[in-house]
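J.: What follows is the residue order along each chain.
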Amino acid sequence: EAGVTQFPSHSVIEKGQTVTLRCDPISGHDNLYWYRRVMGKEIKFLLHFVKESKQDESGMPNNRFLAERTGGTYSTLKVQPAELEDSGVYFCASSQTGAHDEQFFGPGTRLTVL
Amino acid sequence: SQQGEEDPQALSIQEGENATMNCSYKTSINNLQWYRQNSGRGLVHLILIRSNEREKHSGRLRVTLDTSKKSSSLLITASRAADTASYFCAINTDKLIFGTGTRLQVFP
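Line by line, the protein sequences are chains D and G.
With the numbering used here as the guide, the letters of the first sequence map in order to residues 1 to 114.
With the numbering used here as the guide, the letters of the second sequence map in order to residues 1001 to 1108.
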């Protein structure tokens, strides 16, 4: 069974540009999460989808970040316009039955904003 | 902050020794989870301990949870060089809240 996959693995962009990250959860997992780790700091929750609906988006830092999960399968996280402080590793995770259970993480996308 | 705080931040040991990492938190939890991250890779789930459990084992891993003290510990017995990684605790309150992690280095 394929795990959680993320694309790209690494993205380097300039300040002001737009970047879109993609996450493909494990097949059949209704719950999808986004997290990020900014340099040297803890991994922080961004948001949680249940199927195509946003269950909790309390961790989204500001309106430059837009997450979507059309059709309840893969998800995208768009950053527009990117700022220097957005640099970090963005992780996606999925779980089958809910937020209380084990979450399976993808390898992450390393975003560098110059 | 509700986040788990881990101690120590870094730990270096020889193969065969035991490694103990501690995690403290401030809020009520549904469960507490431990993850490992090898350099440049994703997070790997190690073990989940529920709030009504006190101890759990998985192979060479032993996790304890003391909800009265709001603390947990991860013990890796008979460590191996392949255990070298960063270890994170994450408290689950409806979402995962991670600590800053412990960097474990196991020397052959």
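Treat the hints as calculated values from the structure; they're not laboratory data.
Take the hints with a grain of salt, since some may be wrong.
Stated by the list, open to error - To give a feel for the contact side, a few chain D residues facing chain G, derived at Cβ under 10 angstroms: (1) ALA2; (2) VAL4; (3) THR18; (4) ARG37; (5) PRO81; (6) GLU85.
Only a predicted model underlies this, so the values are computations on that prediction, with no experimental measurement involved.
Backbone N, C-alpha and C define an ideal beta-carbon position, used for all residues, glycine too.
J.: Now look at each hint and say whether the structure bears it out.
T.: Status of the hints after comparison with the structure:
1. Among the interface hints, the one on D/ALA2 is violated; its C-beta lies about 13 angstroms from the nearest C-beta in chain G, farther than the 10 angstroms criterion.
2. With a least beta-carbon distance of about 8 angstroms to chain G, the hint placing D/VAL4 at the interface is held under the 10 angstroms criterion.
3. Hint status for D/THR18 relative to chain G: violated, with the closest Cβ pair at about 25 angstroms, above 10 angstroms.
4. The beta carbon of D/ARG37 is positioned within 10 angstroms of a beta carbon in chain G (closest approach about 8 angstroms), and the interface hint is therefore held.
5. Evaluation of the D/PRO81 hint against chain G yields a violated restraint, the C-beta minimum of about 27 angstroms exceeding 10 angstroms.
6. Interface hint at D/GLU85: violated, since its Cβ lies 18 angstroms from the closest Cβ of chain G, which is beyond the 10 angstroms cut-off.
Comparing the model with each numbered hint stated earlier shows that hints 1, 3, 5 and 6 do not hold.
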